[in-house]
Structures are given as C-alpha cells and as structure tokens.
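Student: Below are the chains, spelled out letter by letter.
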Amino acid sequence: MDEIRLIEVKEEIHADNKVVAEKLRDRMAAEKTFLLNLMSSPGAGKTTLILKTIETIKDDLRMGVIEADIDSIVDAEKVAAAGIEAIQLRTGGFCHLDASMVEKGLNGLDLSVLDMVIIENVGNLVCPAEFDTGAIKNVMILSVPEGDDKPLKYPLMFSVCDVLLVNKIDYLEASDFNMTALNERVLALNPDIKIFQTSSKTGQGIEDWAAWLREATTTFIR
Amino acid sequence: MHELPVTESILDIVLKNAKKNDVKKIVTIYLNVGELSDLEEEWMQKYFQYLSKGTLAETAQLSFIVDKNDLGKIQCPKCNEEKCTLKSGKEYYIKNMEVI
Ligand SMILES: Nc1nc2c(ncn2[C@@H]2O[C@H](COP(=O)(O)OP(=O)(O)OP(=O)(O)O)[C@@H](O)[C@H]2O)c(=O)[nH]1
Ligand SMILES: [Mg+2]
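Heads up: the protein sequence lines correspond to chains A and B, in order. Each residue of the first sequence is one higher than the one before, starting from 1 at the first, in our numbering. Each residue of the second sequence is one higher than the one before, starting from 1001 at the first, in our numbering.
One or more of the hints may lead you astray.
[Unchecked claim] In silico DSS-like pairs for lysine-lysine, Cα to Cα no more than 30 angstroms straight-line:
#, chain 1, residue 1, chain 2, residue 2
1, B, K1025, A, K194
2, A, K23, A, K10
3, A, K23, B, K1095
4, B, K1019, A, K137
5, A, K23, B, K1019
Hint data in this document are derived by calculation from the structure and do not stem from the laboratory.
Bound-form chain B, shown alone:
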C-alpha cells in the first residue's frame, strides 16, 4: 500500500550507512519482514530502482527474508480461544547489506 514511502526510508538508511562505512557501491540489501506485512516486493524493487538513480545504491537488489518467529497469524496461535492483542508481525527491518 505505501511501498513508496517505505522504499524512500530504506534508501535513506542504506545511504547513511554506506557513507559511514566508506562504501563505493551497494550490491544487496537484506530486509527482515514481518509475516503480516502486505508490502509488495516487486513494486518495492521497482520504486527502489527509480529512487536510487545516481546514488551508490543504484543497482542494488533488495532481498526479503520473511520472519516467521513472530505471532504469525492474525489470531494469536498460542491461545486459540483466548482473547489477546496482536503486537507484531508487520515490522520491517534492514538487517545488513553487501557492499563494495
């Protein structure tokens, strides 16, 4: 739904980290994604290509790792019948990146 602003944040964060680490080029960016995230990976890659033109990240690939350790389902799997509040599962996290 809001792939564009999220992709902008990713670019900001990786460029900031690239600068700190004296990077020439960003090759792959590894993202941890909550299982419930509804962001479209294909669109994010397209937006990323567009937004990163002319930067160190221009040709970088986004690699998505789906996190299954969270609560997982919309209904908490631990307490079937019991009432509970869903706390996680939508998060997005930049784990690390391969750079030259």
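Chain A with its partners taken away, still in its complex shape:
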C-alpha cells in the first residue's frame, strides 16, 4: 500500500492573472498609453458613454477601444463608426475579461499612436470586479433605473473602482432613486472613489467626467 504524503503548494489562485496584469501595466507605462477598464451591468450605458466621451476628447487625445461581449460585434461597429479604432473581443460565454484577454485585444491595436485605450468589459456587476484586467484605472457605471441599493448587493464592484458614474440622471425625476443614500452607501465601501453624475442623453456631467479622464491620462503618459 502506497503511503499518503503531504505536499505544500501555497499558491494563490488567479496568481497567474495578477502576474499578466502587472506586466500589462508595465507595458502600458513603457508605451505611454493609458488603459481604462469600464464596467457596469448590461445596458447601464457603457457604449453610449464611450461614444460621448470620444466626441468630447478625441481632438485632444488619441483613443482606441476594446469591446468585450459574450457574442456579437455591434458595440465595436458603433465605436468604429465614430472614427475610432475598435477591437471586438468575443468572450464566448465567459462572464468577464481577464488580463490575458485584454492583452490579446491590445495586440490588435497600434499602441505607439494611442494615448488611451478604453476597455468596455462584459455587462455584469459581479465577475469583472474579481479579475484584474491590467488597467490603470477602473471605472463603473450605475444607471438610475437600476436603483440606489446596488452597493449593498454588489459591494465588491463598488470597492474596486476609482470612479463611479451615476448615469441616466435624466431619469431621476421620474424615479425614487435617492442620490444621498447612494453616495453614503458607496463611500462607506470606498471612501476614495470619485463620483460623477452623467447623462449621455442630455450631455449633463459629461464634461466633468471627461476632464477627470483627460487629467488621469495626461498624468500617466507624461
């Protein structure tokens, strides 16, 4: 009878992803290209906001976009129609992007001529929060119709983001969304998070958000 022995492993799961993500950040620093990871639930307004952002800053900064969806290429087509280089990643059932998938997307772009790449992550408030994409900053959108209780239900997403965009504020009047309660809940999870209120429909708040993005990008690539 063979004896059972114990082998020490002591390895973190996802460690591989963290290594790839760190390497990616080094590469972006060397290329002087800012990388932003944009997350939200499906339909909160990622693609529309990216298009608005492009409109606002494409004359100042050279931008590229990586679109991730479980299937379909409609989002990348919309971005390409705005005159911006876009890569569509089909995650084929995966509920999130990881750093090696982002790396593949970046390999399809000429980083030497780009100041900034925005990643539109898969629409999902759970899984993308757990996987480091290698981005320099993480931004999430919460849209007004989703409700002000989302930080209570999806705390990790709110904890890992540098910026929260409360979007579709043109719906505020018709809803019982409590902005004060939302802010309190978010800041209790993440006191350092920056919160902007936006509407891609009316254009409200887009300038302030774009100013933050411009500043973050120029600081990084300087």
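Once you have looked at the hints, place chain B with the ligands on chain A.
Tutor: For chain B with the ligands alone, kept in the frame of chain A given last:
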C-alpha cells in the same frame, strides 16, 4: 459565479505541483478560502471531477478551509463608524495536498 475558470486554475496548479514532486495520484486538495468568497463548493467539486478526468487528480477531493482571520465582514469590524476600504476576504489559496 465563475466556478469553472477557478476550478481550471486549481487543476493546473495541482498538476504542475504533482509533476514536480513525482506524484502518482492526488488524493485531497486543501484550499484556503476567504470568508467573503461566493464560490459554490458543491459545484466546484462537480466541475473538478469533470475537468480532471484522465489526469492524476481524477478522484481527488477538494477540501475547503474558510479563513476567518481576514477583515471578515463587508464592513470592516475594527472601525464600525469610520470609513475604510475592504482589502481582503475574497481570496482563494491552495494550501497543500495529500498525494500518493
Ligand atoms: N435616457 C438615457 N438613456 C441612455 C443613457 N445612456 C444610455 N442610454 C440608453 O440605454 C440603452 C443601453 O445603452 P448601451 O450604451 O448600449 O449600454 P451598455 O452598457 O453598453 O450595454 P451592454 O454592452 O449590452 O452591456 C440604449 O438604448 C441607450 O440609448 C442616458 O444617459 N440616458
Ligand atoms: Mg455596450
């Protein structure tokens, strides 16, 4: 939520370590789990059985040890009212494994 990719990573790591240590068969894999992890243990065992077919780990059991030493609760227990950022509690770690 993403039990499948996590289970794939576990299998990769244990097989790599088995190779290094000249193992014939993996019997039990001990995992340290952060208290806030939402991974379903039952599903992970099922996925593991499926993914490990034909490997040294085919009949291995996953054993989960919940780590309570982390910050623990969603709100940091140390500073009730004060604002703070949650740094850990979701991690997953392969501690060791019993092998033949
Ligand atoms: N009223 C209003 N509608 C908006 C706003 N932003 C986006 N929408 C609408 O919301 C819908 C979904 O927007 P998308 O930009 O496709 O959302 P998304 O997050 O990219 O969706 P997925 O990629 O499918 O996850 C579209 O019909 C948009 O026109 C906004 O600020 N106000
Ligand atoms: Mg979209």
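Student: Return the numbers of the hints above that this structure violates; sort them in rising order.
Tutor: Failing hints, ascending: 1, 4.
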